[in-house]
Amino acid sequence: MPHALLIGAVLLAAFVFVAVAAPLVAPYDPIFQDATARLAAPSAAHPFGTDNYGRDILSRVVWGTRVDLQIAVLGVIFPFLIGTAAGTLSGYFGGLTDSLFMRVVDIILAFPFLVLMLAIIAILGPGLASFYIAMALVGWVSYARLIRAQILVLRQSDFAMAARSLGFGHARIMFRHLLPNAMVGSIVFSMSDAVLVLLNGAAISYLGLGVQPPTAEWGIMVAEGQAFVTSAWWIATFPGLAIVLLAFGFSLVADGLGEKLGVRQ
Amino acid sequence: MNRAASLLEVDDLVLHFPVSGGGALGLWRRSVKALNGVSLAIRRGETIGLVGESGSGKSTLGRAILGLEPVTSGHVAFAGIDVTAGRRADLARLRRETAMVFQDPSNALNPRLTAGEAIAEVLRVHRKVLPAEIPARVSELLSLVGLDPTLGNRRPQALSGGQCQRVGIARALAIEPTMIVADECVAALDVSIQGQIINLFIDLRERMNLTLVFIAHDLAVVRRLCDRVAVMYLGRIVEEGPTEAVFSAPRHPYTAALIRSIPEIDPDIVLPDAPMQGEPPSPLSLPAGCPFHPRCPHAEARCHADPPPSLRRRDDHGWACILEPGALPTPLNASPIPIATGESA
Amino acid sequence: MSAPLLRVEGLTVESRAGEAATRIVDGVSFALRRGEILGLVGESGSGKTMACRALMRLLPSSRLALAGGSVELAGEEIMGLPEAAFRSIRGRRIGMIFQNPASHLDPVMRIGEQIAESVRFHQGGRRRQANEKAVELLRQVGIPDPAQRAAAFPHEFSGGMRQRAMIALALASDPEILIADEPTTALDVTVQAQILRLLKEIRDSRGLSIIFITHDLGVVAQLCDSICVLYGGRVCEIGPKREVLAHPRHPYTAGLMACQPGTAGGSGRLRTIPGYPPASDALPSGCRFHPRCSHAVSPCAEVQPPLDPFAPDHLAACHNPVRQASLRTRETA
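Chains as they are written, first to last, in this note's numbering: chain A, 95 to 359; chain B, 271 to 615; chain C, 0 to 332.
Just so you know, the hints here were simulated from the structure itself, not pulled from any lab data. Please note that a few of the clues may not be correct.
Label pairs and their computed distance ranges (CB to CB) [unchecked claim]:
(1) ARG15/C - ALA204/A: 50 to 56 Å
(2) ARG366/B - VAL247/A: 26 to 32 Å
(3) ALA101/C - ASP576/B: 32 to 38 Å
(4) ASP586/B - GLU131/C: 54 to 60 Å
(5) PRO283/C - GLN547/B: 46 to 52 Å
(6) PHE342/A - PHE152/C: 43 to 49 Å
(7) GLY206/C - ARG382/B: 52 to 58 Å
(8) GLU135/C - PRO599/B: 32 to 38 Å
(9) ALA146/C - ASP576/B: 33 to 39 Å
(10) LYS199/C - PRO599/B: 19 to 25 Å
(11) ASP538/B - PRO283/C: 32 to 38 Å
(12) SER284/C - VAL247/A: 39 to 45 Å
Some residues of chain B that are not near chain A, with every Cβ distance over 12 Å (derived) [said to hold, decoys possible]:
(13) ASP282
(14) PRO564
(15) GLU570
Ideal Cβ positions, reconstructed from N, Cα and C, are used throughout, including at glycine.
For reference, chain A alone in the conformation it holds in the complex (with noise of 0.2 Å):
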């Protein structure tokens, strides 16, 4: 196994036995104002200090972690799945369907992605929910196109061949024998793109239209932070530094999976 996917590997289980068991590991609730140590710097009671309303950032950060692992997997599931999908089907049938398939995806990269995906959340309007289902309106046209031009290119090849000349049908033919060897390229895309959506999740959260205060969220946290970080640099550097390092796991992992899986162009 390649060493950068067993760092990546136990940098993200990490992450997540934090999430899971964030109410054992956090010391404090991460809502609970403190009114009594308001800005305190990390201490042996704070070890990561607290914010101006004298909320524990430490127990922030790990119940972050519940929300912003959410936002890094969820955000890329649906994308995934609708991607996948997609490029399967256009690659495999051609003809009309590839068409029509590729002219969406033209229209859709004609917008540029925040752009689109803030338009979308601000019809739709602020939270959560609403950023899911931007990801997955605008994020899917990566993972189509990969896909297709993997499905494009095993079609043609000489087991895809076979299958028909077995007799195997379309759908056990794209789902069974091309889809597999299509995945690799996306699967690995999808790693370094869980590292995009977790920062476009966080950017979202600090412009207001994510998760909602008081919720512990690492972006929220970081634009609150933003104001004291010469009086108070804890408060925005300790989430900072989550975000950092959970999007360093995503990325090892990506790579290692990469060199493991042997992308091919």
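Got chain A sorted already, so can you dock chains B and C onto it with the hints?
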């Protein structure tokens, strides 16, 4: 020819592929003229070799026979049923009774399935045996093609080229086909392995009364294995007949040149001092007249101008040329050469 | 007999994967005289290509390393030469052509320019002279209308024409030796016959020596003067063509000849060699052919057989060699 005995009949088959691109608005869209009026009858239990150089259309014909290519015009009838009519039930029947073996043995197998899984899938889809009996049948098929059944647990990457080709054949046999189309199935194998696979086909043909369409550019292999041979050039059959008749007394100058071009292992059967000139023209733009005339040493004025000669037939041996039988010299390597090597087997 | 132009002694290439090192070319020796065509015959993994890459110092991977041997060109040892000095040999005194000329010709440069560039690089001179030489070379390799065709790009050439252009490119430096790595394998049989003819003509007109790498014994029988059969990285038989084909001593050579469908003619089962060629990471001990050999005797599995002489210049490495004649039964029958 006795039409009733034919398992497969190909009638005036034409197959043109459009070439992508083709100028602004596709106005000059060209097409690859892969097959240009091929007619062929294959009898039950017969082994027929399709030979020719690149661009001859032999592989396209093989795939068209199995309904794997959309035909432009003409018909393919399998066991009396027209499979080019596009009826789903007819195609399904064709799939139940035919199978294909491919050139590149490792590419023809799904890299993510083990050899055993690939064979089991065919058994399951075609409901050949009860689910409980599948593992036993897989082992049986692997043994039939001369593989240790324990190799069934391996994926194609962990098998050698020859082993992969045997798995490909076992998978084809899982269908219990009446007819197998083998497309250049020994071309990618080492010489010492080629012989093993040819022998396997000879055995299987005897044991299962298989009809075999054997596509190859290697005439020596075809001569070894086939009852009949059809020589193709630029999408047409230029000569067709019993293998020995075609090899010992070719009637088309292309066949004669092809046979003379085989480098024989006997240094005394030398290649001609003046080998046939030129290369097969592109199937994108066929020459007018007989498609072989630009390379033909016997070409006359009418070969340039007249439409391509149609297949004439005498003594069950057809040829598409203005020359009469016996007009061509017998190739040096026409007669089989006895060979004795080492001690007897 | 004149001294050989090229003498290769004990050439060894190791493949290193982690701790283990396997000898994928193991003590290969052969000699090449001026004007001689030597056929290097073997199946996949026999080391035939690697041996030639090694003597050209073009090993394709950092895991492969030259582990010994000597190469003498016209009496001068070239194995120990520094890389800079070796460049005056590679491509200049020893040229190479390949199975797939399309990947060895620059796709965006006109054929004539590529050849002229090589002429100027190796021999200097003015552009016009080089262009004229390029056209002349294209004429020599049998390209029709060479002056016009020199302006074509590689993709405008057919497979056979590309191989001719590749040969012209290799000849641009006026080499003494040409290494031809399966140059006709990807070609149609009628075109192969043309290229074999061309190589013979070039040998005759220029006195060029050729090492012809192939898996096809038929091509060797037609083209070559001598044969060197490789198996599992070792030479198992070497000698003059007629001698080897008439009296193959190594069971592998005899087996290869017997399983050629061409000469066997007729129909029916072929004689075959059982089993598969060994993988380079699982080479058998002793004689590397022993697991597949019908002639194997007790020492074969442990002791590597030496190359023993059977006739002048005819050597075979076998503990229990074949004694019967092979070919030419037609005369006696």
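Quick rundown of the hints versus the structure:
The hinted window of 50 to 56 Å between ARG15/C and ALA204/A holds, with their beta carbons roughly 52 Å apart. The given range of 26 to 32 Å is respected by ARG366/B and VAL247/A, whose C-beta atoms sit roughly 29 Å from each other. At about 37 Å, the beta-carbon gap between ALA101/C and ASP576/B stays in the expected band of 32 to 38 Å. Our hint of 54 to 60 Å for ASP586/B and GLU131/C holds, since their Cβ atoms are close to 57 Å apart.
Against the hinted window of 46 to 52 Å, the Cβ-Cβ separation of PRO283/C and GLN547/B comes to about 47 Å, which satisfies the hint. Distance hint check: the CB atoms of PHE342/A and PHE152/C are about 48 Å apart, consistent with the given range 43 to 49 Å. As the Cβ distance of GLY206/C to ARG382/B is approximately 55 Å, the hint placing it in 52 to 58 Å holds. Distance hint check for GLU135/C and PRO599/B: the Cβ-Cβ separation is about 36 Å, which falls inside the suggested range of 32 to 38 Å.
ALA146/C and ASP576/B have their C-beta atoms about 35 Å apart, which keeps the hinted 33 to 39 Å range intact. About 23 Å separates the C-beta atoms of LYS199/C and PRO599/B, a value consistent with the hinted range of 19 to 25 Å. Our hint of 32 to 38 Å for ASP538/B and PRO283/C holds, since their Cβ atoms are close to 36 Å apart. Evaluation of the 39 to 45 Å hint for SER284/C and VAL247/A yields a pass: the beta carbon distance comes to about 43 Å.
For ASP282/B, the non-interface assignment is confirmed: its Cβ lies about 24 Å from the closest Cβ of chain A, beyond the 12 Å cut-off. Every Cβ of chain A is farther than 12 Å from the Cβ of PRO564/B; the closest lies at roughly 32 Å, confirming the non-interface assignment. Every beta carbon of chain A lies more than 12 Å from that of GLU570/B, the smallest distance being close to 42 Å; the non-interface claim holds.
In this structure, none of the earlier numbered hints is contradicted; all agree with it.
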